[in-house]
Every structure is written in structure tokens, then in C-alpha cells.
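Trainee: Each chain is listed here by its residues.
Number of protein chains: 4
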Amino acid sequence: MIVILKHEARQEQIDRLREFFAKMGLGIHMSEGENATIMGLIGDTSRVDADLIATLDAVDAVRRIQEPYKQANRKFHPDDSVIDCGAGVKLGGGAFQLIAGPCSVESEEQIVAVAKAVKAAGASLLRGGAFKPRTSPYAFQGLHEEGLRLLKVARQETGMPIVTEIMDAAHLPLFEDVDVIQVGARNMQNFELLKELGHIRKPILLKRGLANTISELLMSAEYIMAGGNEDIILCERGIRTFETATRNTLDLAAVPVLHEKTHLPVVIDPSHATGVNRLVRPMALAAAACGADGLMIEVHNDPKHALCDGAQSLTPEEFAEVAKQVLAVRAVITA
Amino acid sequence: MIVILKHEARQEQIDRLREFFAKMGLGIHMSEGENATIMGLIGDTSRVDADLIATLDAVDAVRRIQEPYKQANRKFHPDDSVIDCGAGVKLGGGAFQLIAGPCSVESEEQIVAVAKAVKAAGASLLRGGAFKPRTSPYAFQGLHEEGLRLLKVARQETGMPIVTEIMDAAHLPLFEDVDVIQVGARNMQNFELLKELGHIRKPILLKRGLANTISELLMSAEYIMAGGNEDIILCERGIRTFETATRNTLDLAAVPVLHEKTHLPVVIDPSHATGVNRLVRPMALAAAACGADGLMIEVHNDPKHALCDGAQSLTPEEFAEVAKQVLAVRAVITA
Amino acid sequence: MIVILKHEARQEQIDRLREFFAKMGLGIHMSEGENATIMGLIGDTSRVDADLIATLDAVDAVRRIQEPYKQANRKFHPDDSVIDCGAGVKLGGGAFQLIAGPCSVESEEQIVAVAKAVKAAGASLLRGGAFKPRTSPYAFQGLHEEGLRLLKVARQETGMPIVTEIMDAAHLPLFEDVDVIQVGARNMQNFELLKELGHIRKPILLKRGLANTISELLMSAEYIMAGGNEDIILCERGIRTFETATRNTLDLAAVPVLHEKTHLPVVIDPSHATGVNRLVRPMALAAAACGADGLMIEVHNDPKHALCDGAQSLTPEEFAEVAKQVLAVRAVITA
Amino acid sequence: MIVILKHEARQEQIDRLREFFAKMGLGIHMSEGENATIMGLIGDTSRVDADLIATLDAVDAVRRIQEPYKQANRKFHPDDSVIDCGAGVKLGGGAFQLIAGPCSVESEEQIVAVAKAVKAAGASLLRGGAFKPRTSPYAFQGLHEEGLRLLKVARQETGMPIVTEIMDAAHLPLFEDVDVIQVGARNMQNFELLKELGHIRKPILLKRGLANTISELLMSAEYIMAGGNEDIILCERGIRTFETATRNTLDLAAVPVLHEKTHLPVVIDPSHATGVNRLVRPMALAAAACGADGLMIEVHNDPKHALCDGAQSLTPEEFAEVAKQVLAVRAVITA
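Protein chains in written order, with this note's numbering: chain L, 1 to 335; chain A, 336 to 670; chain Z, 671 to 1005; chain G, 1006 to 1340.
Think of the hints as simulated: they come from the structure by calculation, not from any bench.
This one's a predicted model, so the numbers in the text were calculated from it and none came from an experiment.
C-beta atoms are modelled at their ideal positions from N, C-alpha and C, and glycine is treated no differently.
Treat the hints with care, as some may be off.
Computed, partial: chain A to chain G, Cβ under 8 Å [unchecked claim]:
id, residue
1, Ile-377
2, Thr-548
3, Glu-551
4, Phe-577
5, Thr-579
6, Leu-614
7, Gln-660
8, Val-664
Input sequences plus hints: build the corresponding full structure.
Mentor: Given below as C-alpha cells:
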């Protein structure tokens, strides 16, 4: 870490800073220039709060040389992580997977039908919400335990591992038999939840928050990894910007940027990012083209009678077509 | 709620939609125009998910006439809410309060000294963090139970009610003797936490998330109120934008906008919004000038020996000056 | 256009509004509901300033049924526009083109060498800056007339039509022999320039502004088209968001969204969007996968001796590889 | 300027960089650390394109010690600039001014009436649009030359200097007798216009672009100053964010931040920032409280018959009240 001191920094301020860093066990290398004095910190700076240091009166700027994340950092773990999602399904390191299923689990009939359909179309993991984060307290919040039970029925019927969202650490006992636990965008910085997930041995699908940077996403992964759980799948699902033509702005450049910075796999959720089913196919293809390790797509089973046919979900037939093209694009880029 | 249908909407789609709304107990009033058909919904539409409806194939746009929040809505509660924070300290409805204290509780000596200093300078509530949300798992996370204990010592010494942040519903038993519980920006949409806070009888200081709209802030307040707890203080502390000259962009227009939409009081946190102590005074004055019901300001006690003297905290002397000017500005606008 | 009046709108306010719309030659259809009165406007509402109407005291919200752009609107022009860029090069309506060349024209040797290299690799249009918009007045601003002359030399040598940026309407006479005139992101709402470009007969490549919505991009196209020039190529090159890991956030969903809303072709500039050459390939592939009608890519000729080898430009060899993969991806999605 | 090289930078890359900087006449000071090599540049680095350097393969980061703006920089011009706006009206350096008038000049009767009213209420400069930037080509674009003529009539009648917007350098001859020329937000980076304004001797009111940083605003001021025109008034009028409750988000922290970085005065436009007249008063008071050097407020004369009474304009009576409170707030902060 490099701390650039202001020209007008007083000696006592500099001394206090030196003492502070020395107490943290860091070596210090001073370099005096014409316009600024630079303090180079040597050692493990991951515990240093760069934001705090940057706001000190004597400090002009702080620059990390070493990223603040260690276990998620590709520098210290050059090979791609491959996540074992259960039932022999691997994700990452060249293994590309389609995760598909309905927004919410509604009934046994629904979830089993969707599961069979998406499996036939090429999906290898089944998604479905049992606990639903809803902006309004008056909106349907999911089937909870019953939803988890139905997901397991669908797994039994199809052999597909299941992915479903947790909303509170207190619910963890209910997720014991879930294959991959999802952390939603709104909980990406629910640090108490992240800490608890660090103590279990189960893959975590961690979604990027709507207003969180790529660096913050990696720090949240680091929270889980610091607890001992290294099986993390990152998920980009759109960020919040001024544009309102789509629900969110899908930041696809995050895929190659994350692949540089971390060994963890990256999947894209084009359904939540765009909020419109017509946009799912082009964005799924784009995600495959820029190297995503997987896709998470909403599929609904009975569009004729369901309310949501026009919303962000695809029909199984549409999903099958998307899956076919996605794999063809993937064949091009891995050729 | 008004649903504007697309010109090309098919009759079967419209029928399905009518059936769906009818099942929710809503009356429907159709109005056919040259370019569009409009469906007016009559009744309690707060359970309708407008975002979902807007993405349906047949739908061009959805417009709420009634806001989705009811208990937080000024329409149904025209008078300002006045929140009793304990020890006779009221906030809102003309009662303006200064909430001050250190970022983190560090020691008994520190918290008691700061508490006495800010009380002398005009603060009526003491803030201090015991559980600290930190981006890095390796950073100091607060003194936890011990921090809460020290806050109560400071309350005993000064008579000031205490405000401190909760990070997980499971910690609620520890907060039983806290006067005002703070929900941080990162937990504004931690819906499980909000639900639990609805079941207690204690004022909640709810901070706006970095990327959350004013409407979402009110929906999060509604989550708590729907559970029965009506004592909520809203807090604007900066939103995330492209500008990097300040840590966040303080959205002061949120104060008069919130005062129109809700009866709940609004306080401003200029310390976290700007991240720089030199900017706290002007932003505190601006907040008072546009009608905020209170301010939440970081004050540190011993700048000579503390590392943080240059960061976002004020010294007690600086705080006393700010407090004096703030009250003078408030006198102008309430004259 | 639908104007939703507030419940508390006074009759005199409503009457004034009716009179105002009547004067504009619009028919009015009133529909009174329980919570709101709705005013439907019939006729050509493209001259109505919806933003202004929305801020009137009596008005709750305004909703356009008809988009404010007419000539750019796919509703009134269902077939894709195909833009003739000169020398037989067509772009749009299934004709996909690669536009490549250096950021700035530096010398005859440079521009001719790059032109030959990118042509050999599959590019059909040559780009190169003669007038450069620079944030700093002290930075190199381009070779100006001499740059335009050198571009024409390169065109002569290769037969490729040239694309280059204009920064002021007063420079138009210099651009007479240019094939495609580019309007940069910073000038997307330089309305006086747009009006002038409406009076010429030459294709315009119009870049989206850093903070402009898709709808505003189409309104700027409409400015040019309203003057009579219908040959417009839209270009997405990244928008400004809170994320700093890339220079801008490339909004690829704009491609399918624009294809729904307009008949004009859409190209993507992955070089400026990301600012880093390692990210150009994945983003170029993603753009092709989601249906872009072309790509605009920076290519530099002599990386060994050039300063910029590591920046956003590709070498001709890298470009050739990208071009090959891009065409393979395109083959998949058009199969 | 400090260039932090990557650990893996090759010697030939470093040598090329050294050569490049040496050619620009800069001294170089190398400092090798454990994790990084740092290159300190000595001399006038304002011509160095930091963004470009930062994207080089060998470079980890670039940090300016010296800001890229010189003439606008408070470091080299510690005293506040005071701008002479004509007729003895000074703005900046303690002199606070109210600029008021209608959005568009509509008629002699209108502009003269408004001018008299706002003068009586305390305004010292008259604003009014003759050239109007409009998103739609079909919307009213202003009275142009006739509008400028009417503004001068109003000046004659009241003695108030006039402020009005220019949209193209080619219109400059028409602005010869205007007192203060406004550059609108959309033209903040119309560099050709800025250059032309550098060659005249007339105060420029430069509005911040919707998506431009404070640093970019200062670089645009530098464009004008580099040409020799030092009389610039900066204006914050809201930035574009995800929040839609207000038209833009007024970034009031820009006032104290700009006062640190530059000697140029800063005015706030609460009318355009919020788009709603009810929000003008609180935001005007907040702007005064945080130290703005002036306010620019829209005032309309005949609300009874005008369409816009509910929009962002105040009536003269409302303006008079706002002016009174604004001056009282200003008295508090300058006491």
C-alpha cells in the first residue's frame, strides 16, 4: 500500500501515522519527492482501512498495490476454481452450466414440470425461490419451508441439484439439504449472514448488489472464504444506473474483469438484469460470448394460464432454443 | 392503479389480466382510447406488484395513483409523527435534535468523555457503534456486547438516550435496553431484520441504502410499520453516484420530498455522506436550512492522539460551533 | 399521451390545461375514476413537452403512448434501415461491418499502414480522429485539416470509406469529402450541430452520451432526421456509472432495446467503453452475440514503438483474431 | 504526477515510458519498492494525459499530485475571484447575488414585468432564455434574436445586467451586448464553444454537465481561461442519478468542494435541479447555508394565465419570500 502525503503535512502528523502503521506490524519505506512524500507500507496490509486513511488531513491519496482480498485473489490462486454443485455437476474452469427454473416455487406440479423441461433442454441445476425478497411487505413472500420441500421433490424426480436463496442466517438449518445456497443482491453486504455462510461446507452463489462495485463483490466473497468456505460462484445480475429502459444495466464487462482478478467462477442472470423476457436471449448469448461460466435463467411452465407469461420468464420452449444457441456461441469462443 | 395496455394487446391477454385483478378483490374500470386501453383498478392495490405487471407483454405501463405504502403515507396520517426517543427527547413535528458521538465505541473513558462534550454542546442523543459493518472481514468489527455496555454507562453519566446499529435480527436480545436502534444503509432491504423490528416497541432509525430510491426507503419503513412498530426516523446519508470528489452524494432534496410523502421525521448524516470533516459543517447547515428534523454527526474526543482526527469526525469544539450555527439557521426557517 | 390529474386538482387548473392542449390542436378525452381523472390526448403529441406537463401542480403523471420520435420510430418504419456508407459498403438490415483504425491520425505512414492491416483483417470502414475532444485544453487536439487529408490518402490506397468525428458545425465544409461523419458522445445533445447535420446528405454515426438515456439518443437522431437526413448509425460506447473497474459501463442491452424501438442500425464501440485492450475482445464478441450491426474498434499499427501499446488499442494481429471470432459468433446467431 | 508501475512491468516498457516523459521535458525520479516501482514526474504535467497512461500495460495506477487545471486552481490563486457582471454588480468573494427571471423570454410585456418584480424582490441579475436547448426537435426553441432584443429592453427598464444562454459559437456576434453568457449543462464539454469563449472579454456562467465530475467542470473552466478569459462563474444544477423523485440530484457538497479547489465563484440553480417549484425554496436555503455565492432561480410573472404556474417557476411573490429567507440564512453563516 502506498500512502501519498500532502505537501503541507506536518511532521507530527507523519510521525503519528508511522507509529500507527508500525503498531500494525508493517514495514515503512519513505520516499520524498518535490511535491509529495510517499509512504510505502510493506507487509500484510489487508487489515488497513484504506478509506479511513485516505480521509486523514495529512494524506492526499492511498493506493493499494495489493488488493484487500487474499483468498479470492487470482494472484495467490492462479488456477480457476471449479465448484462441485452436487450430483457430479461442476461449474467453473471450463465447465459451463445452465441454471434454470421458476422465479418462485408455487406447487409440486409446477416445480416438477419445470425441472423436467429445463433438464431436457440442457440445464444442469434447478433454481426456484422459496424465500422471496419483496420490496413491499404486502407482496407474496414465498412458500418458505414448503417451497424447500417441493424443490427437493423436483430434485428427486430429475436428479438436478437445487439452488435457492437464503434471506437470514437464522434460516440456515432449513437449508441443510440444499445443494447451492444463493445470497441475493440485497444481502451482498449482510455481513453477519456472510460470516455464517463461511462456517458451512456448501457452495454459495453470491449475487452482486445493485450498487456494489466489483471490488466490493470480491470483498463479500472474501468474508465467506475467511470463514473457511471456499466454494463461491459469483453472479452479475445488473447494476442500478440512470437508464430506465431496462430494469437494471447488465455489466457484462464484469465477466472478463472478474476473471482477471479472481479464480472464482462467474455466472450471469439475464432475467433479473433486464426484467423482460424478449431481452433474455440476446443477453444470454452476449454473456456466453464474453466468457461467463454459466447462466441463471428464469423459466415458467405454463405460460397459457400463468400471469407472468410476458414478464422476465421464458417458456421451456424458448429456453431450449436459447440453450442451443448459447452452447453454439460457447463452442466458438472455446474453439 | 392504472394499467395502460398496449395497442396490440390481445383480448385473451386482457381477459387473463382482468381475471387476475378480480381474484385480488379489485374493481376494474376499462376506458378505451384511440391509441390505448386503460384499466383502472379500484380498491386496495398495495398488494399488487407493479413492477411485475409492467413487464407483461400486453402492458405498456403501470401507474400507481395510490402509493404502495399506507402506514408511512402522509395522505392517511396528515400530522407529523413525533418520535419519543426516551428520557423525554422527542424528534419530529418541529422538535429538532442533534445526535452525536463517535464512529465506534472504543473504551469507557472515550465514550463518556465524548458524551459529556456533545451534551454540553447541545446534542440530545448519543450515537456510537458497537457492531460495525465493515467491507473487509479483516477490519475491526466493533466491541459488540462490551460496546453496548459502555454506551449504557455513558447514558447513565449523561442522561442521554443512546442510538446504535443492529446488524442481525439474532442480536435483538442484546438491544433490549437500547433507546433507538439504527438500521444501516446496507441493511435497508434486509427484510427479515425489518420484520423483526416491526415486532418490538422501540424507535428505529432507518438509513437509506446507497442505491435505494426514496420510494424504496418508504417501503422499508412500511415493512417495520406493518408489524406494528410505528416509531421510525428516516435518515439520508448520501447515495452512490459517479462523482468521486465526496464519498457519496448527499441528496438533500430528499428532505422536502420525504416531508411531502410521509409523516415520519427525517434526519441527515453529513459525516458519512461526505467522509471528510471539513465538509460536515456546510452540509449540516444546508440540512438544517432545508428542514431536516435532526442531524447525526460523528464526534471524536481526543484528536491529538487519535488516528482519525482528520477523517470524518469533528472535535467536540468543532461540533459545538456547528451546533450553534445550525440552531441559528433553524431559527431563520422556523421564524 | 395520457395526463393523470391529481385527486386534488382544481377545476380552473383542469380548464386551463384543456385550453392549452386544445390550442395545440389536440383532441381531449376525459375519463373520471375514483382516485384520479385521466386526460387522454388525441393527435400529434410530439410537440408536447411531457416533462413540463408532469411538473404542473394539477398533474400527477404523464405517460406517452406514442413515443416522441417519429422518423426514428420502428412503428412507422418497420423495416430495418440499411445505411450506404460509400464504396458499396452497407450497414444494417443484416449487413454487419467492422469499423477499425487508430484513435488519432498521426502521419501518412501510420494511417495507411493501419488501413491496409485492418482491411486485410476484415474491416470495411476506416476510422481515425482528426479533431479530438480532450478534457484538457493542454492535451493534443488532433491534426485537424491535415488529419482529414491523410485519411483521404488512406482511403485512396485501400478503397475503404472513412469515418471521422466533427466537433463544430462551423467545420462542416472540411468534411465534404468524408464518407461517414461521427458525432461524439459529448456532442450528442449539441442541438445546433445536429440541426446542421440534418441538412446534409451523408451518413452520421451518432454516439450515445455518457449520461444519456436510450430515449434521448433517439431524440437526437430525430433532430437530424427532422432536417431531412435519414442515414443514421447509432453507437453505444458505455455509460457513466458508479463502477470504476472499467472506464465506462457498456450497456449491451441497448442493442436489442434499440432494435425494438427503431429501424436504425446500432454499432458498439468496445474500445472506448472499456478503455483497456484486454477487454476489447470479450466485449466485441458479446456485442456480436446480442445482435449489433457493427463494431468500431481502435487499432494501432506499431505497438513496439508506440506509447499506447497497452492502452485501449489492439494490434492488427489482435484485431484479426477478434474479427475472426466475431464473424463466427455472428454466424451462430444468424443461422 | 506519480506513476505506479506494475510488479511485472518489463524493463523495455519502463524505458519507453521514461523516454516518453523525458521528451515532454519532465524530470523523472524512480523509487523501487518491494511490490512496485514508482515513477515521480517533476515539472509541468498538465499536458500529460493521465487516463491514457493509466491504461498502459506496465502501469498499475497514476496519481496526480498537481491538479491538471492551473488557472482555475486555488493553489496558484488563493484569493477568491470576484466577477464583475456589469452595472456594478459583483459576484464572488463575499458578494452574494440573486439571478432571477423566466425560463424563456416570451414577450416584451412578460420580460419587463418579471424583471421589475424580481428586482423589487432583491435580484440583481436578470436571466431569460432566448436560445433554448430542447430534447425534442419539435419543441419551442426560443425567440432567438428577438429574445435577446427583449432582454435588452428589460435591462434598459431596470438597469439589471442580463444572463442568457449561448448554444453555438457561430451565434457569438449576437451576444456582443449581453452581460453574462451562459453555457448550458449539455454544452459543458463542447470544447470548440469553450475555446471561442476564451477569446472574448465577458463573464461566462458555466453550468456543470449532468454526468460530469467536479474535476471535469474545472477542466472546462480551464479551457475558457486558457484562452485568456478569466471571468467564470460556475453553476451546479443537479446531476443524473438513479433517483427519479426529483428531476436531478442537486449535489450541494459541490459548493464547499469547489471552494477548496478553485477561486471561482459558485452559484446554484435549484429550479432546474429539482424541476418542481415546491422544492425551490428549501434547496435555495440549503444552497445559501452551505456557502453558495449566488442563486439562479426561475420566476414567472403571470401564474394565473400561464401554463407553467405549477412547474419549476416561482411567482414573484414566492420569489420575494425566498429571497428574504435566503438573505437571513446568509447572515447567519457570514456572522
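Trainee: Quick check on the hint: A:Phe-577 CB to chain G CB, less than 8 Å?
Mentor: Holds: closest Cβ of chain G sits about 6 Å from A:Phe-577, inside 8 Å.
Trainee: Would the stated hint for A:Glu-551 survive a check requiring a Cβ distance to chain G of less than 8 Å?
Mentor: Not OK, violated: A:Glu-551 not within 8 Å of chain G, min 10 Å.
Trainee: Can the hint on A:Ile-377 be confirmed by a CB-to-CB distance to chain G that is less than 8 Å?
Mentor: violated (26 Å)
Trainee: At a threshold of 8 Å, is the proposed contact between A:Thr-548 and chain G supported by beta-carbon distances?
Mentor: Constraint on A:Thr-548 satisfied, holds at 6 Å.
Trainee: Against chain G, run the beta carbon of A:Gln-660 and see if the smallest gap drops under 8 Å.
Mentor: holds (6 Å)
Trainee: Mind checking the CB of A:Val-664 against every CB in chain G and telling me if the closest is under 8 Å?
Mentor: This interface hint holds because 5 Å falls under the 8 Å limit.
Trainee: Should the hint that A:Thr-579 touches chain G count as held when the rule is a Cβ pair under 8 Å?
Mentor: holds (7 Å)
Trainee: May I ask you to test the interface hint for A:Leu-614 with respect to chain G, counting a Cβ-Cβ separation under 8 Å as satisfied?
Mentor: holds (5 Å)
In this structure, the hints that do not hold are numbers 1 and 3, in rising order.
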